[in-house]
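Participant: Now for the letters of each chain:
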Amino acid sequence: GCFVFKPSPKKRRVSQKTVNDFRERNNDSGDAELRFVTCQSLWNKIKSETEQIQEDLNKQLFDNLGSFLRQSHSEFQEKTTKWTCRMKSREIPTAALVLGVNVTDHDLTFRSLSEVLQNNITPYIALLEAKDCPGIKNLMQKLMGQLMNCYIDVESLEDEDYVQVSQNRIRCSMTSLINWYKSVTKKTDSETPSKKRTSSSRHLQSPPVVVIFKDMESFSTKVLQDFIVISSQHIRELPLVLIFGIATSPMIIHSLLPHSVSSLLCIELFQSLSSKEHLSTIIDKLLLTAQFPFKLGEKVLQVLINIFLYHDFSVQNFIKGFQLCIVEHFYSQPLSVLCCQLVDLKKRVNSLSHDQCENIRRLPSFRRYVESQVSEKQIALLTADSFLKETIQKLLEDLHVYHENYVPVLRCLHVFTSSLPKYPLGKQIRELHCACLENRVWETKEYESCLQLARMLNKSDLVTMLQQCVEIFVSSSGKEFDKTVEKLKEFLTQFQKLEEAFQERDVSVSSQKELQKKTDLYHLQKTLLELKESRRSKKLTKFEMLRFEVVDYIDSLVRNYLVPADHKTLHEIVYFNTASVLRGHLNAAPRTALHTALNNPYCYLKNQALKSDGGSISNKAPDICIAYKLHLECGRLINLVDWLEAFSTVVMAVEGPNADAVSSDQVDDIIHARFIRAVSELELLGFIKPSKQKTDHVARLTWGGC
Amino acid sequence: GIKVRKDKTHLTVSVKRFVKKLENISDDEAQEILEEKNYVAALGICAQDPVGNGSSVSGSEVYSFQTPKCSSKMAELASELAQTPGQSVAPDNSECPEKTTKTLQSSSGRSWCRSTLARECTFKKKEFVSTTPYRLRKRLAAPDPYLESESEYSASCSEEEDEEDQKEVGTVLSGRKTPAKTKAASTPLPRNILAKKIKEDKMSNLVEEYFEAHSSSKVLTSDRTLQKLRKKRLNQQTLHDLLKKAPLAYAAEIKELNQQHESLFSKWMLQLHLGFNIVLYGLGSKHDLLEKFRTSVLQDSVHLVVNGYFPSITVRSILNSITEEVLDHIGTFRSPLDQLEFIIKRFKEDSSLELYVLIHNLDSQMLRGERSQQILAQLSSLPRIYLIASIDHINAPLMWDQAKLSLYNWLWYETTTFNPYVEETSYENSLLVQQSGSLALSSLTHVLRSLTLNARGIFRLLAQYQLENKDNPSYPGLSFQDFYQQCREAFLVNSDLTLRAQLTEFRDHKLIRTKRGADGVEYLSIPVDDSTLTDFLEKEDEDV
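Here the protein sequences come in this chain order: R and F. Take -3 as the starting number for the first sequence in the numbering used here and just add one per residue. Take 14 as the starting number for the second sequence in the numbering used here and just add one per residue.
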């Protein structure tokens, strides 16, 4: 069933091909190469950025783990005193690493973890996965293989053969492992080799042997138990440290292992950052920044976030989706050549070909822009390429400025909305971002209620928020915010003044208190009425007025800067908006596609004969559709004879006219054959299977119409 | 066989149709009379209908592809269909989908149907009231399932009822009471009630339905078998030839569809190179598409084609072809995991290595196992191995958990081609295709021809005995002692040792199977189906 095809060596393609693939379809409009290069460099930048983020996020965790490991074997080193008193206790130091359900991301975490440990703590690290260790023997084999290989890596590759042989020869037992460990550590101790100095200085005197169980839940309990019991016997000779990767909750250790075994472990719990926070950071650093010219449209972002939230919680998959967006955008949009850093923009705009200019003129957002111009300018834009290029450059720079301003204002708005009760505009900044991208946010009901709630904020909250906003604007790269910062600072000082004024007003309040002393009923009533009157007529307090002012100012900022991107001219160049493609590729529904094809072949085969309304199917449909439709009406088992008969009647009804042309016998045979094909195709698709329950029956594998 | 119920079936269908047509005119009275007439007439005539004709008609009745007018001439229907189908059928085809949808979906249509049905039931009551009260009461109580089975044209369901009816009418004729056979258990819950209820109700009802249908081990389908059919089982070759004769429907549209997919080839290449792997899904064989992809794009690069549908494919053979042919490595590996490790190592070392892997039917029986998928996933995660695969099974995505999915790094492409699964199904051991049969027959004759005359006699004895007992479902096989006795009587052996020696020879050629019964006695049987055995004996008789 396998066939290898090898081209003759001279004909092999050169590595230029990826670019060619990019070009092949778009041979009409050039720039493919440039686009590809831009795409690749952008992706590489984003990739390294995400890796950096991941590293930063995990740093804390790894530091903690590292210190734990150091500590755990420090006891081992102080053999003389402490260890002797612990002779009897055979506890294995264990780190339970709770990583969350996003199993997909764990691999990366473990890889960087083992890298960090290898660099800082110990060369002896074994990464074990459940799928490699169905039994204790396999586990030991794997463990020893990894440990001894890593020993080779540290030492040198000279005596590889020797070790290769010995690895096969050595019986995989704890004793041999201990012997190996002793010899290794002794060697490092006795030798004072120059080549090893660097590594041994970083590593400790007798480095611990770290065994990482990547997916602790999927290990069979017996294997785990055996391994723990065995190694606890030898913990005195071998400084073993276990790390359990846990996807669910630390309780799993106790439910997997009986008390007698889990008491052999000295467990310390480590919690990694939740993937939701990770994602927030990623979105923050990748999307809410003007650093990258490429942007995601609202629907696309929604799709990616939905896949994350409803399917896997995997940041890796989110980034993969992001990569796909980039590729798809640069591949399908010829104008994406302009989706570059501002520095390169001028050159690229100037080198645009006439075709590309036409492409720009065809953009809906550009057409809207043209229509809004005066007629002479319209003509110039539509006819003169050079003028067009100037305008494009200006517009794209505007777009860049828009992004620069958009982000700080968005963050500022988020500061306000995220502290309101019930979060009308969402708790996370990504939700706010989506809302702003979708349409004019200030026209939505949620925004209205946000403003109303903001008008009821108390002073201290308001002041802290304003301070945060000031920080955001100060740190932002936007140039227009000097005034804003000033204005906000002015608000802050006004609040400060208010506070002073408030203290003064306390005096006047005390005069009111005077009233209370006179306890004459008539007077009291009178004064109270007066007070009430004055309060009703009294204008808002200064604080309230100021609060209104602040909210109005924020509102004006929002209206100014948070215009949805698709209202901007030339947004098509930098925004990727075809969410359907993305969903089709990442979150496909193969079963739905099958059912649609079977139920309504017209969706795919555009033939009028197949056109039908509703879910029904015409008898002219392909054979498999008819057979499928017939089988839907059956229960658990289907009699093949009945099915065949029904099928042949349906088919005969269509082919009636031809029936008498050929001898009926032969037609029958052909229909029979077609039926056989349809049935075996349905079997291949998994709708039916042969059944032994009754002769000539097949069993249905689906239920009802689904 | 008296096919009474079939005609009733037909009537309800036709009545429904009538009613809808005459809805505006609303002369149901006349309709009812006509219908009664039809019914009676049909009852009388169809009683004499030959089985062959009746059965060939039944499907079209159930599927309501006939014009309403035909209902009055039930007996002529079959011949009419055969002789002048153009008249009655052709105009109806275009209408038929609309009609069925109306009956199925519009509630007004439904209520109409139900009312007519009720009328019909009462009418039936009039006819049969003295003889089959229980059944009709049953029917009246739950008219909907009946309607359901007709309007949604359930093939075997109606057949099943048909069978029952034959029995029942028989009992009626013989003047007995109808057996109080409960039908309720087999009838599904009325579906139009579901439609009215809210969704959750629908769900719970669906659940109930499911368990109702799966609770009883009894299966209510007709007992007809293919053997009774005039047509013989086709073998693979004739099937292939026959299908070649049959023109592929909608060839132009399918071609257009495929061209759409072919335009994506360069995009696939791009995405493969960027680290994604591609999986194709959708109805229709993707074999040709992938083959075209291979020939048009991959000519100049090393690639591996895996026919997953091939019944003896294993991961090991895939790995072997990579190590032996792509990497030119001679030597064996202890386990697939070792082999995988070797491949990974080689690909990491040598950056000039590149391999395209095309897997037809990644979800085939042989490859869908957890371990094979794991290995393939790991293989595909290598940066310079580009995997493009197709899946067909409806539950194929269940093969992969999150970990495997991330290793595969799929990009999904819907490529519905509507191409027939020629290659993929040719290895399938279908019920309808006599594949192993012909093979077994030739091997039987082949082996036996090389044996002595006595040995052939021994085998004949066993075969004959097995055929005599073919209707006995609990036939365990021929016990050794009895067999020995018979062989002795036929002067074929003189001691049980000789017999045992012969049997060993048979067993070595997998001609017989021995099974120890509960009493410890050895039972012998031939693991070949009865029809093949009959053919074999006939052939033997010719030879002798």
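Keep in mind that the hints were calculated from the coordinates and are not lab data. In this text, a Cβ means the ideal position worked out from N, Cα and C, and glycines have one as well. There could be a bad hint or two in this list.
The calculated DSS-like cross-link candidates involving lysine-lysine, where the alpha carbons are at most 27 Å apart (straight line), are [as the list claims (entries may be wrong)]:
(1) F:Lys417 - R:Lys127
(2) R:Lys138 - F:Lys483
(3) R:Lys295 - R:Lys127
Label-pair restraints from in silico Cβ distances [stated by the list, open to error]:
(4) F:Arg384 - R:Lys218: 53 to 59 Å
(5) F:Gly382 - R:Thr217: 22 to 28 Å
(6) R:Pro246 - F:Arg384: 53 to 59 Å
(7) F:Glu551 - R:Lys218: 31 to 37 Å
(8) R:Asp340 - F:Pro260: 56 to 62 Å
Participant: Now, for every hint given, state plainly whether the structure supports it.
Facilitator: Outcome of the hint check:
Among the hinted pairs, Lys417 (chain F) with Lys127 (chain R) is consistent with the structure: their alpha-carbon atoms are about 12 Å apart, no more than 27 Å. This hinted pair does not check out: Lys138 (chain R) and Lys483 (chain F) have alpha carbons roughly 56 Å apart, beyond 27 Å. Between Lys295 (chain R) and Lys127 (chain R) the CA atoms are separated by roughly 38 Å; this puts the pair beyond 27 Å, and the hint is violated. The hint said 53 to 59 Å for the Cβ distance between Arg384 (chain F) and Lys218 (chain R), and at roughly 19 Å that hint is violated.
For the pair Gly382 (chain F) and Thr217 (chain R), the supplied restraint of 22 to 28 Å holds, since their beta-carbon distance comes to about 23 Å. A hinted range of 53 to 59 Å for the beta carbons of Pro246 (chain R) and Arg384 (chain F) is inconsistent with their spacing of about 30 Å. Against the hinted window of 31 to 37 Å, the Cβ-Cβ separation of Glu551 (chain F) and Lys218 (chain R) comes to about 58 Å, which falls outside the hint. Between Asp340 (chain R) and Pro260 (chain F), the C-beta spacing of about 58 Å keeps the proposed range 56 to 62 Å intact.
Of the numbered hints listed earlier, those contradicted by the structure are 2, 3, 4, 6, 7.
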